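Q: Residues per chain are reported as follows:
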Amino acid sequence: MTAACAVATLTMGLAASTALAQTPSWCGPNEASLALLDGFGGNSWRLVTTASGAEEAAKCPSITQYEYADGQGDTQKAISDINSMAARGIKAMVVFGDAGPAVLPALTNAHRAGTIVVPYRVNVGGTEGENYAKFIGSSFFEDGVSWGNWIKEILPEGGNLLFLSGPAGNSQGTDELAGMKSVLDDKYVFINPEPFAVTNWDPSLTQQVLSAEIAKNDKIDVIVSDFGPSLVGALPVFAEFGRSIPALATSDGNSLSCFWEENKEANPDFKLFTVATGNDNVRLAVQWAVALATGGTPPTDEIFKAPVYENSVSGTPNPVTCRPDLPGSIYLSAEMADDAQAKAVGQ
Amino acid sequence: MAQYQQIAGQDGSGLDLRSLKPARGFVTVVISTMALVAVCAIFAPSAISAGGLAGSLPFAAIIAIVGLGQMLVVQQGGFDLSLAGGVSLAVVITTHMSGGDDAQLLGSIAFAFGCAVVAGVVNGVLVGVLRLNAIVATIGMNALLYGAVFAVSGGVPRITTPLMSQIAAGKTLGIPNSVLFALGIMLLVSFVLKKTVIGRRFEAIGANPAAAHAAGLKVQLYQAMAYVFAQLHYCVAGILISGITREPTAFQGDSLLLPSVAVVVLAGTSLLGGRGFPISTVIAAFFLNQLSQFALAVGVPFSAQTIIQALALVFGIGVYSLRWKQAATKRALKSKTEETDNEV
Chain W
1 MTAACAVATL TMGLAASTAL AQTPSWCGPN EASLALLDGF GGNSWRLVTT
51 ASGAEEAAKC PSITQYEYAD GQGDTQKAIS DINSMAARGI KAMVVFGDAG
101 PAVLPALTNA HRAGTIVVPY RVNVGGTEGE NYAKFIGSSF FEDGVSWGNW
151 IKEILPEGGN LLFLSGPAGN SQGTDELAGM KSVLDDKYVF INPEPFAVTN
201 WDPSLTQQVL SAEIAKNDKI DVIVSDFGPS LVGALPVFAE FGRSIPALAT
251 SDGNSLSCFW EENKEANPDF KLFTVATGND NVRLAVQWAV ALATGGTPPT
301 DEIFKAPVYE NSVSGTPNPV TCRPDLPGSI YLSAEMADDA QAKAVGQ
Chain U
1001 MAQYQQIAGQ DGSGLDLRSL KPARGFVTVV ISTMALVAVC AIFAPSAISA
1051 GGLAGSLPFA AIIAIVGLGQ MLVVQQGGFD LSLAGGVSLA VVITTHMSGG
1101 DDAQLLGSIA FAFGCAVVAG VVNGVLVGVL RLNAIVATIG MNALLYGAVF
1151 AVSGGVPRIT TPLMSQIAAG KTLGIPNSVL FALGIMLLVS FVLKKTVIGR
1201 RFEAIGANPA AAHAAGLKVQ LYQAMAYVFA QLHYCVAGIL ISGITREPTA
1251 FQGDSLLLPS VAVVVLAGTS LLGGRGFPIS TVIAAFFLNQ LSQFALAVGV
1301 PFSAQTIIQA LALVFGIGVY SLRWKQAATK RALKSKTEET DNEV
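As they're listed, the protein sequences go chains W and U. So that you can map any letter, position 323 of the first sequence is 323 in the numbering used here, and since no number is skipped, the others follow by simple counting. So that you can map any letter, position 184 of the second sequence is 1184 in the numbering used here, and since no number is skipped, the others follow by simple counting.
Hints are computed from structural coordinates only; laboratory data are not their basis. A few of these clues could be false.
With a straight-line cut-off of 30 Å between C-alpha atoms, the simulated DSS-like cross-links for lysine-lysine are [said to hold, decoys possible]:
#1 W:187 x W:134
#2 W:152 x W:134
#3 W:77 x W:152
#4 W:181 x W:77
#5 U:1195 x W:219
#6 U:1171 x W:216
#7 W:264 x U:1195
#8 W:216 x W:187
Covered stretches of chain W (in silico footprint by chain U; criterion: 3 or more residues with CB under 8 Å from a CB of chain U, positions within the stretch not fixed) [stated by the list, open to error]:
#9 49-57
#10 227-241
Model, not experiment: these values are computed from the prediction. Ideal placement from N, C-alpha and C gives every residue a C-beta, glycine not left out.
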């Protein structure tokens, strides 16, 4: 609720500040209402993402009404949110379908009732045009390829890799693994249980899993993780074993960058490579929804490709950037301004 | 008259039977733990290496502390499902109120303890005084505590202060501080339960509230206080988690409820109330944690952890039930009498 209020306030502020800016091509002349529906809105990543969606929508003056609903991790509520937005006659909705195919029937109904439905990031099943207007995916495979290429650069002779991902069987982790395997040959050995070590993206579980893996494996050359900031609490475990933190290929986060700054001297092997954590995925989805609803020109991209963000070895495209003056739970890779993010996460 | 005889009989025979009980619970858990350590040494030496233990012991300490809290409630024949909310609230208060600033750490910890006392008193009044079902009352309290967690944090994790991290994740003489905290709390709980008048009364009330009431003890007060002290334990655990995990989530308590019950049962505390076994509870926490580490070391994924904990719980209940079968049918009769008394 607090988050929703904060977002609403933020939206109004942003609408006022950006109304004068140039209208983007995806913003057409027809007036429309837009809703952003989250399956679960309760972490800093989601707060920044939600605020980014609001900021993007505010760029288009044809959007006369903007709504947000948080499913709070409850599939039933997420479905009811979709139904209620459709019943209220909202013209376009951008949906983070956390529950996956469970929300497809509700999306299909809204689509058939004439709402422009744009699910993004999480695959909800179904087909475009039949169940919803457009699905804006995220290329986790590309993330895997980026990590794989970097690993090849820093470790040309091959080595031991430890790959940590979220809950068992999550498709993000399996896609990333496929991406890595497309560039890495047999010289690179994954020492984790197939397909990845399960951490649920929970910092405390990550710490336990990592300490067990470190105890078990004398040689870990690179750790790959798709949620970098969750490693911050776990990495000091290496000191318990009197070993240097190894190279890390992951996604960005301010707390992680600051951790690298603090620990790089004491840990000679600690190299860091990050891809953008992907808050801006929502912007592409909003652009598509707005374009379809207002008669604008849709963007050319249909999949959000997270760009490479930090590389401590080459410094390109960015050196590792720590902003100790800002909260640890913000993402400097996101397009949204740093202080606006700090406001979005309530700090 | 019959009832008097039963109560007298219970006191007499209860002492005899119960003098065996701690030995059995303690022996079971110690032998299981030693067997597990031996199995680890053979099949997964990394799980008991110094580095491996240093990484996992802080989490065993957390389970031990919440287990001791849950034990107090179970001793009174109750259950505290507000554990998850209590731990999570302490985590978010310590990290959010201090905002990474060491100077504000003490204030935020004091506030966390204040909230824990309030939650415990409400639980205690609902269950101890108003006689609500413990599961219903504490599940409601859990929802309220999670409301508070969202109000404080908005669900957003925040980084702990350097001082908290140093205290909770640091070491003294090579032993993780969190383990020292757990051992200290264990000694305190053991001393109070076993060596003070208050503790003896507490256990007597748990064993037979009706008899204790007849003896003139303030049953409601003691039952209510179990919930207050349990919340204080969860609060300590939450504060320690905020230091051990550098950027804890707002839902850190969720994964602790099942282990807390499992260790209490493994330690031999009866789910119907009665004597508590603090030392066995702490050893059981080490056992349970080591079991997870062993499973990880031999390559069972961490996702199987819940199953392992559930199996440990079943094992504990199994051992406990067998003991009940061996006891005379008199005990079953007595427990029936207790239930009827409670209903009246």
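Q: Hints broken by the structure, by number, lowest first?
A: 1, 2, 3, 4, 5, 7, 9
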